[in-house]
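Asker: Sequence:
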Amino acid sequence: MTNSASREQDGAQRYFERADRSLPVVVETDPVCLYLETTNRCNILCTTCPRTFEDLEPPADMSWELFTSIVDQFPKIERVVLHGVGEPLMTRDLMQMIRYLKARGTYVLFNTNATLLTRKKGEELIEAGLDEIRVSLDAAEPIAYEQVRGLPLFNRVVENVRGFIDLQREMDAITPRVSLWLTGLKETIDQLPAFVRLAHGLGVEEVYLQRLVYFNEGQGLARAESALFDATGSEESRLVSAAERLAESLGIRFNASGATEPGTSLRKRETNSPWSLCRRPWTLMYFTAHGRALPCCIAPFSMKGYENFTLGDATQQTLREIWSGENYQKFRRALLTDQPPKSCENCGLRWSL
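The numbering of the sequence shown is the numbering used here, which starts it at 14 and goes up by one.
No lab work stands behind these hints, which were simulated from the structure alone.
Keep in mind that this is a model prediction, so the values were computed, not measured.
Mixed in with the good hints, there may be bad ones.
[What the hints assert, rightly or not] Once the Cα atoms are required to be at most 30 Å apart in a straight line, the calculated DSSO-like pairs of lysine-lysine come out as:
1) Lys317 - Lys355
2) Lys89 - Lys134
3) Lys317 - Lys89
4) Lys199 - Lys89
5) Lys343 - Lys355
6) Lys115 - Lys133
7) Lys317 - Lys343
8) Lys115 - Lys134
9) Lys343 - Lys199
10) Lys115 - Lys89
[As the list claims (entries may be wrong)] DEER-style ranges, computed between Cβ atoms:
11) Arg346 - Asn168: 26 to 32 Å
12) Asn168 - Thr81: 25 to 31 Å
13) Ala207 - Asp179: 42 to 48 Å
14) Leu164 - Glu140: 28 to 34 Å
15) Arg251 - Arg105: 45 to 51 Å
16) Glu320 - Arg346: 15 to 21 Å
17) Ile57 - Ser254: 27 to 33 Å
Ideal Cβ placement from N, Cα and C applies to all residues, glycine included.
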């Protein structure tokens, strides 16, 4: 195992450790992971994304000055995720950001819709040293893709991914690790076995079932009627099992978000306070393109209004002041009670951790 892979494995283990009520509200150790929203701009309008339906922050890319000021405060950070609610490949300084992080041995990854994954961009990502790229595809054919992703771009994305895998072979590059992601929706769960077969045909060796996150009132396909979590019927369970068997036969790694296996990811945890299992406020920091500190990447999907769950501002405070500050302390304290923060009260109920 390479040093980079070992660091990622250790970081993932710490990131997903179960929380308990003895955890401190003031954390003296540095976070394991940073989520940096390199841009909040996007070129498609997904029917499961809050930015399609809500004004979040003014459109912006994270400035180089803000990026370096954040990263330099935790120079030994193990893992950095370069996405938020936007499309990272639209970011002008993305390659420079990746190189800057890789120079200090950080594991670097991001999610992408891959509509902009040209051969030139692919070469730049490989040469910059990106460790992992996660492609949000959400369907195995064009009609279902447009239903979820909002535009008829399925064939472009598939060809971009195919071209990228071919490019890796040409360049004899083992990184970035590539995976395909499908959001678990009642409307598209029947795509799952074909999705696994599509990945195999493209030469992608890893597939993920992504949990659906939605506001109470729901918008687009981000709504209770579309969710599979704690609402999986016999047919949905059969499809997941069929996809698991197919993946095993094809040598595809099939997992689910939250470091768990697909079937488990759709079942409610046996606890009255599932939010208390979350380790995110003890292990990671998330910053928007404008420097606003949020508790995690799920928060923008779970509740409207960033002002309701903002924990600090990296343009006005040091990261240590935010990480150990009163807002974070109050947030952690509430998460370990029966009255969690509003943005967390349905986490583990409407979707899995």
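Asker: Indicate, hint by hint, whether the structure satisfies it.
Answerer: Structure-based check of each hint:
no., hint, in the structure
1, Lys317 - Lys355, "10 Å, holds"
2, Lys89 - Lys134, "27 Å, holds"
3, Lys317 - Lys89, "33 Å, violated"
4, Lys199 - Lys89, "42 Å, violated"
5, Lys343 - Lys355, "13 Å, holds"
6, Lys115 - Lys133, "20 Å, holds"
7, Lys317 - Lys343, "20 Å, holds"
8, Lys115 - Lys134, "17 Å, holds"
9, Lys343 - Lys199, "37 Å, violated"
10, Lys115 - Lys89, "11 Å, holds"
11, Arg346 - Asn168: 26 to 32 Å, "50 Å, violated"
12, Asn168 - Thr81: 25 to 31 Å, "38 Å, violated"
13, Ala207 - Asp179: 42 to 48 Å, "22 Å, violated"
14, Leu164 - Glu140: 28 to 34 Å, "29 Å, holds"
15, Arg251 - Arg105: 45 to 51 Å, "46 Å, holds"
16, Glu320 - Arg346: 15 to 21 Å, "20 Å, holds"
17, Ile57 - Ser254: 27 to 33 Å, "31 Å, holds"
Violated hints, in rising order: 3, 4, 9, 11, 12 and 13; the structure is consistent with all others.
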